[in-house]
Amino acid sequence: MSTIQPKVGETVSDELALVQAAKGGDVNAFEELIRRYDRNVFRIAQHITQNREDAEDVVQDAFLKAYNNLKQFQGQSKFYTWLVRIAVNEALMKLRRRRPERTVSLDEEVKTEEDSVPREVADWSPNPEQQYSQAELRDILTRTIQGLPASFRTVFVLRDVEGLSTEETADALDLSIPAVKSRLLRARLQLRERLSRYFHRRDGASAQQKLETGDGNQ
Amino acid sequence: MKCSDFLQELTNYLDGAIDARTKAELEDHLAWCHNCYVVCDTTKKTIEIYRDSQLYELPEDLRTRLRTAIISKCHEKKKAGPEQA
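Taken in order, these protein sequences are the chains called L and P.
The first sequence begins at 1 in my numbering and counts up one residue at a time.
The second sequence begins at 1001 in my numbering and counts up one residue at a time.
Bound conformation, chain P alone:
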């Protein structure tokens, strides 16, 4: 297996979306190719860092304000009737 072949399968490998035979071939490649090991490991860390980051959390006061505004419009719509939306 070449490094370019490994890269093509990287996303499937990280997502566990590959069959056992391909997985074994990829892991065989990882065992001796340090560059691919590093790329694979740091890509996994990239995903984990973004997943665990708390970017763009919705503050509770804004959350309440938005929900109240939406619900108020839903009530208006309900009063007006479904055809006039």
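Same shape as in the complex, but just chain L:
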């Protein structure tokens, strides 16, 4: 069985030059940095906040904060990792504001009902995503990942959706490498478990029915 390869994560050779130019007051250079990473920041922010308006605010606030603090960027990490760290913090602040009743922390030791022991071990259909329309699939994926605790969701998004390395994820979230690995394993297994309810081998009609009644998400 082949391993998973990251989608992004290439270091762009001229990135440091753009950062240096932006530090010197070249707004056009900073605009180029925005163009490179605005989609990523928006996606990360919306995954964490689960709210589109908040995600829009996070994009603006994170880039402005980065611009205003460029001098503090020393270049030990990639600019993107540094930017993600700012964006994650902004997004978590938004989440806390919306859910003051719940403490939202990346450090929390999350106790969930689902542990990491798989219960659903039925194989999936060969092309499970083709059982559903694009809109249905988006709905399934969105609802499924939204059910994860914020700390698991964030690690999964940075590692598996955005393609940051384990070290970069640890750096961006201020977590230890074992903590990132532990959260990632649990996030992957919980998502797999939940998606199995939609994707395991069965006839198409019952799968559709489950989606429509929404009982596959509980």
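Keep in mind the hints are simulated off the structure, nothing from the lab.
Among the hints, a few may not be true.
[To be verified] Stretches of chain P that chain L covers, calculated by requiring three or more beta carbons in the stretch to come under 8 Å of a beta carbon on chain L:
hint : region
1    : 1051–1062
2    : 1069–1080
[To be verified] In silico DSS-like links for lysine-lysine, alpha-carbon gap of 27 Å or less:
hint : chain 1 : residue 1 : chain 2 : residue 2
3    : P       : LYS1002   : L       : LYS65
4    : L       : LYS78     : P       : LYS1002
5    : L       : LYS65     : P       : LYS1078
6    : P       : LYS1077   : L       : LYS65
7    : L       : LYS71     : P       : LYS1078
8    : P       : LYS1077   : L       : LYS23
9    : P       : LYS1077   : L       : LYS78
10   : P       : LYS1078   : L       : LYS23
11   : P       : LYS1023   : L       : LYS65
12   : L       : LYS23     : P       : LYS1079
13   : L       : LYS65     : L       : LYS23
14   : P       : LYS1023   : P       : LYS1002
Please read all numbers here as calculations on a predicted model, not as lab measurements.
Backbone N, C-alpha and C fix where the C-beta goes; we use that ideal spot for every residue, glycine too.
Following the hints, complete the assembly by docking chain P onto the known chain L.
The following block gives chain P in isolation, referenced to the frame of chain L:
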């Protein structure tokens, strides 16, 4: 190797972050344990489905609006001077 040992190494295995000997042991386990094979395969598919999904794409018009707003504030800051940010 027990199934619980396999699960502990699943993330490292999928990320290719293991040495050759451990990889061989895991693959030996996969060869006879159908449950672990299914869990491994469907976990890999889970990652791929999310990676390939286009959740939360930034629409081009919103993208332009956000970038314009950010750049405008950057220009304001530049005019005001670095100390007054």
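Comparing the hints with the structure gives:
1. 1051–1062: holds (count 8)
2. 1069–1080: holds (count 8)
3. P:LYS1002 <-> L:LYS65: violated, 49 Å
4. L:LYS78 <-> P:LYS1002: violated, 40 Å
5. L:LYS65 <-> P:LYS1078: At roughly 14 Å apart (the allowed maximum being 27 Å), P:LYS1078 and L:LYS65 satisfy the hint.
6. P:LYS1077 <-> L:LYS65: holds, 11 Å
7. L:LYS71 <-> P:LYS1078: holds, 14 Å
8. P:LYS1077 <-> L:LYS23: holds, 13 Å
9. P:LYS1077 <-> L:LYS78: Given pair P:LYS1077, L:LYS78 holds - Cα atoms ~24 Å apart, limit 27 Å.
10. P:LYS1078 <-> L:LYS23: holds, 11 Å
11. P:LYS1023 <-> L:LYS65: violated, 44 Å
12. L:LYS23 <-> P:LYS1079: With a Cα-Cα distance of about 14 Å, the restraint between L:LYS23 and P:LYS1079 holds, given a limit of 27 Å.
13. L:LYS65 <-> L:LYS23: OK: L:LYS65 and L:LYS23 at ~13 Å, within 27 Å.
14. P:LYS1023 <-> P:LYS1002: holds, 14 Å
Comparing the model with each earlier hint shows violations of hints 3, 4 and 11; every other hint is respected.
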